[in-house]
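Number of protein chains: 2
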Amino acid sequence: MQINGKMVIGQHAVLGMAGTVRAIDPSTGAEIEPAFGLASEAEVQQACALAESAFDIYRETTLEQRAVFLETIANGIMDLGPVLIDRAAQETGLPRARLEGERGRTMNQLRLFAKVVRDGRYLSATLDSALPDRAPPRPDLRLRKIALGPVAVFGASNFPLAFSVAGGDTASALAAGCPVVVKAHGAHLGTSELVAKVIQKAVADCALPEGVFSMLIGEGRHIGQSLVSNAAIKAVGFTGSRQGGVALMRTAAQRHEPIPVYAEMSSINPVFLLPGALANNSAALAQAFVDSLTMGAGQFCTNPGLVLALQGKPFQDFVDAAAHALHAKTAATMLTPGIHHAYTSGVVRLSEIDGVEMLAQGQHATSGCAAQASLALCDAKTFLNTPALQEEIFGPSSLLIMCSDIEQMQCIAEQIEGQLTVTVHATAADHALAKSLMPILERKAGRILFNGFPTGVEVSHAMVHGGPFPATSDSRSTSVGASAIDRFVRPVCYQEVPADLLPACLSDNNPLGLARVVDGDLLMPR
Amino acid sequence: MQINGKMVIGQHAVLGMAGTVRAIDPSTGAEIEPAFGLASEAEVQQACALAESAFDIYRETTLEQRAVFLETIANGIMDLGPVLIDRAAQETGLPRARLEGERGRTMNQLRLFAKVVRDGRYLSATLDSALPDRAPPRPDLRLRKIALGPVAVFGASNFPLAFSVAGGDTASALAAGCPVVVKAHGAHLGTSELVAKVIQKAVADCALPEGVFSMLIGEGRHIGQSLVSNAAIKAVGFTGSRQGGVALMRTAAQRHEPIPVYAEMSSINPVFLLPGALANNSAALAQAFVDSLTMGAGQFCTNPGLVLALQGKPFQDFVDAAAHALHAKTAATMLTPGIHHAYTSGVVRLSEIDGVEMLAQGQHATSGCAAQASLALCDAKTFLNTPALQEEIFGPSSLLIMCSDIEQMQCIAEQIEGQLTVTVHATAADHALAKSLMPILERKAGRILFNGFPTGVEVSHAMVHGGPFPATSDSRSTSVGASAIDRFVRPVCYQEVPADLLPACLSDNNPLGLARVVDGDLLMPR
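So the protein lines, in turn, are chains A and B.
The first sequence begins at 1 in the working numbering and counts up one residue at a time.
The second sequence begins at 1001 in the working numbering and counts up one residue at a time.
By construction, these hints were calculated from the structure, which means they are not laboratory data.
Each residue gets a CB set at the ideal place from its N, CA and C atoms; glycine is no exception.
Do not rely on the hints blindly, as some may be mistaken.
What the hints assert, rightly or not - Here are a few chain A residues that face chain B, going by a calculated C-beta distance under 10 Å:
| # | residue |
| --- | --- |
| 1 | S124 |
| 2 | V246 |
| 3 | A247 |
| 4 | A445 |
| 5 | V464 |
| 6 | S473 |
| 7 | R487 |
| 8 | L512 |
| 9 | G520 |
Said to hold, decoys possible - Computed list of lysine to any residue pairs in SDA-like fashion (alpha-carbon distance at most 20 Å, straight line):
| # | chain 1 | residue 1 | chain 2 | residue 2 |
| --- | --- | --- | --- | --- |
| 10 | B | K1115 | A | L523 |
| 11 | B | K1435 | A | A504 |
| 12 | B | K1435 | A | C505 |
| 13 | B | K1115 | A | S129 |
| 14 | B | K1435 | A | A30 |
| 15 | A | K435 | B | V1083 |
| 16 | A | K115 | B | K1115 |
Chain A extracted, bound-state conformation:
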């Protein structure tokens, strides 16, 4: 498949005329051909109008039709073969093995949502029988969830496949019955075009209305703001910086009709090393921590950016082992020059804060966008008095906090902002302390994990990739895992609606074979 710098607007390939931009190879800084045309306002409107006009038809496709559509996209991505991996590797600097793994994850996501759609539990089908003899009579009432409307999706820089054009937000929105307009991330334009064409073809192959999917290319924030402001758009999925997410939240709140924004933004993913666990195996813990920290040049939203432990010999052992492990880590190419610049200046800023000591660094960078890993140290008091230490430094940088006692550790737990994850390392001897931390951690994070590291987010039914602000804009949802579909639906009640006008999921004879709540009881299909 050829990359030709065009956007996907419904079934058309459109060359944007508002300027051009080229992808950049972050390992060399060189531009990559071809030039991509930038969208004008007219193309934003066109994509949104198409999405709006496709909505009523698309949202009422059968569960099976939507499941097959998602599977067709998954197969189409695989069918692209090495051309996709080649281009993604060139644009992102990520190793091929990682990208092949990410492609598998992307297909798994699409297939998980195909299963979620076929199961139909997300419809929340609920029936209350009429009670004509009650005073007053109760009417026949039936509830299902319907799709919210067209969704704007902003791809993430750090997952060019799994959280981009056909990533989690797109998959869950399409699964729910929402048309999607993607704004491609500038860090992987060619990758985006390849995947967008796969979805475009799947739309045609599945005989769906063309407006079900479009992908726009734009520089800076203008096109994004314009997309979120468009009246046809009814929800937003975003993965990126806190600043970018908050800007979209503001735009969405200021619309005539405010709409939900699901922004996954910023998290430093605290790791609590409880005394028993630390004493037990500080060296192995340190190695596993450094591996997690430096994986993928630290470019994960679940990167362990904060580690807390009690002072003492085991802590010192951990520090020494972590410093040693870090020294051995080669500098890996970051995704873009901008991300690299933000990382290096973030580390410099951190090192200049009073009370922060730079403990160790990884191997020196050998190319322009390579990131030298970094480990810093401060005491709990410094952390508690310095709000800036809670700011995410996107990349392989982490801060160790030395606490003088348990109370300080609890106090920090109370003071940290909302997080995607919080990790606890504990042996059986630590469980009393862990128990006292749990209520605090539950209030702070979307995922609490024990005796592991937070990088690696399973795509499954019980996953939550979410959490209180500023980790996300909406703690009531997740952007990874089966429940992500719930973000894009809303309930509608049908009162005394004639049988031939009822949606199939609410018909008396349960033709879809759904688990339904009937008169308050959950009934399994026969």
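Chain A is already provided as a structure; the job is to place chain B on it using the hints.
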């Protein structure tokens, strides 16, 4: 039980010192004793701090404990006996029979949420087994929903019991495990105090932390804004005007940590009279419509404020019959002088719009706050060209729209703003037309009902009292019915959490006997 003008702050009765206010009898305009003390900023902070400190304990009470707590409140309200009905009737001008019915509804709501809590389905318990042999291994993952945090509730004027201090928002938030701070509605201060004391006593009787419930009294918007701005508050439930709701949405969005606002605001509840239904029985339809319009002085958020039909003889018959029925309606006392003033000036404004004809009015008002019902008419073109005609006039006023053809009716359906309800009157002959309207109506409303009128909102599992903006601030939820609990929870994932630290609902042996999703399949308890 004595009414003494005090607020409920935890287990204390506190006389606000920031001024005084008295309740008003709307049928006479006379003030009612005693004086109520107004909250200062300090009391807002005190109530919020208590709620925050109660949160971790309250949210981890057992399902049975919370169910019993809700039932204790229900019983306590009933035990107040006639003193509650007397005071509510005096403060609101509502008939005793209506208030007794509303008291029943209030208790039913509390009992419904007791059942919802006992069922535990709202926890969304989900388990994914560890797959240690997979590459990479899958960890053990378990999801449950936990309470969001303390909730601020703003009572509605028009349901002094069912949507006020112990109303739907309070019941669903308490059910979810959220402490509640209510701002009492100034239109029924004594009623509020009586009910607040019942909840306060239930908190003590159930041995819950005192911060689980507080009720503040404040004038104007200051106390409300201060409550919503308080960092301890994590969600807001509101029923009232669009202006009031939008102000709270803005405050909540501007917080350091933005929080969800569930505001039920404004709806004109369009009624589509399709040709077959209209021809079939225009006189009976007109009588039922006028009964719905004037019930409770039209002070329902589901009041039918807009009626659409095709021009012709059946429409004329409907108009004549409706006018006749309206003439017979006596003017009923409205809830407050302010509501009465807004109603009468709204009707005057409506009558002055070009193209709007006043068709009929009810009996003249005999007392200060009594509302003369009103019916106006315009053609579809006027409606389509006059956005002001979509503004809610709270009270017994409705606007008939005469459409010249089906296309005009569909065009209006497309142009109306978000609604709580949309009603269709249809015979079998109308089903083709109804089918063409359904997709539009689904996009516009939270509830679609056939061959009835929208007033009367059943409290059950399948009810949706919600809808797109401006009907509510968040179409993804309902404020009436079992699913209202979903507004006040968020998911948390537990990864490899040791068995003794897991919440009971996620334990291997399913001690709570919940329906749970295990490895993607919904399993019923044995």
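Hints, one by one, checked against the model:
1. For S124 (chain A), the interface hint holds, since its Cβ comes within 10 Å of a Cβ in chain B; the closest pair sits about 7 Å apart.
2. Annotation: interface hint on V246 (chain A) holds; nearest CB of chain B at approximately 9 Å, less than 10 Å.
3. Interface restraint check for A247 (chain A): the shortest CB-CB distance to chain B comes to about 13 Å, outside 10 Å, so the restraint is violated.
4. About 7 Å separates the beta-carbon of A445 (chain A) from the nearest beta-carbon of chain B, less than 10 Å, and the hint is met.
5. Restraint check, V464 (chain A) versus chain B: the minimum CB separation of about 4 Å is within 10 Å; hint holds.
6. Hint status for S473 (chain A): holds, given a least beta-carbon distance of 7 Å to chain B, under 10 Å.
7. For R487 (chain A), the suggested interface contact is upheld, since its CB lies about 8 Å from the closest CB of chain B, less than 10 Å.
8. At about 14 Å, the closest approach between the beta carbon of L512 (chain A) and any beta carbon in chain B exceeds 10 Å, and the interface hint on this residue is violated.
9. Interface hint at G520 (chain A): satisfied, since its Cβ lies 5 Å from the closest Cβ of chain B, which is below the 10 Å cut-off.
10. Restraint check: the Cα-Cα separation between K1115 (chain B) and L523 (chain A) comes to about 16 Å, which is no more than 20 Å; the hinted pair holds.
11. Among the hinted pairs, K1435 (chain B) with A504 (chain A) is consistent with the structure: their alpha-carbon atoms are about 14 Å apart, no more than 20 Å.
12. Pair hint K1435 (chain B) plus C505 (chain A) holds up; C-alpha atoms about 16 Å apart against a cutoff of 20 Å.
13. Restraint check: the Cα-Cα separation between K1115 (chain B) and S129 (chain A) comes to about 18 Å, which is no more than 20 Å; the hinted pair holds.
14. Proximity of K1435 (chain B) to A30 (chain A) is assessed by CA-CA distance (about 57 Å); at most 20 Å being required, the pair is judged violated.
15. Distance hint between K435 (chain A) and V1083 (chain B) is unfulfilled; the C-alpha atoms sit about 47 Å from each other, more than 20 Å.
16. With a CA separation close to 31 Å, the supplied pair K115 (chain A) and K1115 (chain B) exceeds the 20 Å bound.
Going through the hint list in order, the structure does not satisfy hints 3, 8, 14, 15 and 16.
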